[in-house]
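S.K.: Residue numbering for the sequence shown follows UniProt numbering, starting at 1 and increasing by one per position.
Keep in mind that the hints were calculated from the coordinates and are not lab data.
A few of these clues could be false.
Derived CB-CB ranges, DEER-like [unchecked claim]:
#1 His70 x Arg186: 25 to 35 Å
#2 Leu221 x Leu24: 52 to 62 Å
#3 Asp270 x Leu187: 14 to 24 Å
#4 Arg234 x Gln69: 43 to 53 Å
#5 Gln25 x Leu78: 34 to 44 Å
#6 Gln27 x Gln219: 15 to 25 Å
#7 Leu200 x Leu24: 43 to 53 Å
Note that the structure is a prediction, hence the values are computed from the model and not measured.
Cβ coordinates follow ideal geometry from the N, Cα and C atoms, glycine included.
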Amino acid sequence: MKDDQKSMPSYGLGRQMQVYMQGLQGQLPSLPVAPEALEQQAIAHLSQKASGYLAGMEDTMQANLRAFQHWSILPRMLRDVSQRQLSTTILGMQLPVPLLLAPIGVQSIIHLEAEIAVARAAHATGVPMILSTASSRSIEAVAQELGNTPRWFQLYWSKNPDLNASFVRRAEQAGYSAIVVTLDTRLLSWREQDIQNAYLPFLLGEGLANYFSDPVFRQALAQPPEENPGMAIRYFIDIFLNPSLTWDQLSFLRQHTSLPIFLKGILHPDDARLAIDAGMDGIIVSNHGGRQVGGSRAALDALPAVVEAANGQLPILFDSGIRRGSDVLKAIALGAKAVLLGRPYIWGLALGGEAGVQQVLQNLLADLDLTLAVSGFSSISQLDASLLVNERLAQ
């Protein structure tokens with residue numbers, strides 16, 4: 001047992017000493033450590049169109065962040081926290097950390113190396129990655145960079161069922177171990193910044209690598225995308241969104257993959273029950289980082305009711321608003337098995353490419369590791385609601 005413990009990485013102390021030793025040489029971190037400063041610097045670096053596309057509904061985004069402030073950590077003392085265990089197991093899949101990179105599309109508008117840079121950083125840090133259907137690099141190219149790092153594939157359910165089946169088949173063949181179906185983007189919402197900038201990157205061919213490389217998509221075209229990109233883009237626009245998708249259609253996906261299927265975008269407990277009835281394998285509580293519904297309930301506020309409705313019948317993950325290690329602990333204490341990290345790693349990508357993403361992940365893992373320890377816990381598995389105080393009820 002002691003040998004196993006010694007082999008576990010010390011994310012916190014290792015990262016701390018790396019930074020402090022570099023400080024002795026007069027070297028400061030190349031990126032801001034605080035997420036708020038990181039965001040400000042990234043936005044200043046990006047074009048107005050790119051930063052606007054990355055943003056969302058201001059009220060919902062702020063609600064996501066405020067929700068974490070409603071819960072306070074109540075630390076415990078004099079417990080042995082000399083060794084920490086951050087790994088978690090979801091449906092038999094062991095993840096080295098309770099953190100996955102959220103599926104974010106069109107990363108080529110953020111950095112030239114796009115998902116390739118992110119995949120390399122994920123591989124270097126061991127953080128699992130969820131690849132977006134709307135990625136700027138193909139399913140196969142990203143898988144190659146990830147190596148043995150756990151990876152899932154996120155599906156936007158298009159109007160072409162054969163294309164949906166093809167995407168899932170390609171992901172399975174490329175070693176992705178789960179499918180994440182995003183439910184809350186059957187239409188693009190009224191995103192004020194994108195409207196103001198008159199900007200939709202898909203119309204420029206950005207984020208379409210998986211479509212343009214797919215045999216089913218290509219067969220539907222009179223000319224290949226390389227010869228007539230305009231025609232390919234128009235076909236993509238025709239099929240991308242599917243507002244007619246209903247619960248009954250989920251059985252189609254089950255027929256075309258043996259991989260576990262997670263539904264992303266669940267906020268209502270009744271939808272959690274419907275997911276169970278539909279035979280789904282997992283739920284990701286999410287409001288798309290505030291990008292879809294203005295005035296939406298904060299994802300963290302919705303988490304406890306979804307966990308209660310699921311009643312342990314399938315794993316619950318959490319997305320939307322994760323910024324610090326304490327956020328991760330709070331979401332897990334409220335019932336999530338793991339969390340998804342979104343915008344922060346994209347800010348790192350914008351400012352430093354692969355190295356920027358890696359630095360953001362190293363900092364978050366160090367923060368998580370140390371916050372777990374100073375809260376009095378040695379394992380993620382020990383966390384439950386007793387860790388937290390609901391400040392709204394305590395007042």
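S.K.: Next step is simple, just say for each hint if it's right about the structure.
M.R.: Results of checking the hints against the structure:
1. Taking 25 to 35 Å as the suggested C-beta distance range, the pair His70 and Arg186 conforms, at roughly 30 Å.
2. Taking the beta carbon of each, Leu221 and Leu24 are about 59 Å apart, inside 52 to 62 Å as hinted.
3. With their beta carbons about 21 Å apart, Asp270 and Leu187 fall inside the hinted range of 14 to 24 Å.
4. Here the CB-CB span from Arg234 to Gln69 is close to 45 Å, well matched to the stated 43 to 53 Å.
5. Here the CB-CB span from Gln25 to Leu78 is close to 37 Å, well matched to the stated 34 to 44 Å.
6. Distance hint check for Gln27 and Gln219: the Cβ-Cβ separation is about 54 Å, which falls outside the suggested range of 15 to 25 Å.
7. Look at Leu200 against Leu24: about 49 Å separates their beta carbons, and that is inside 43 to 53 Å.
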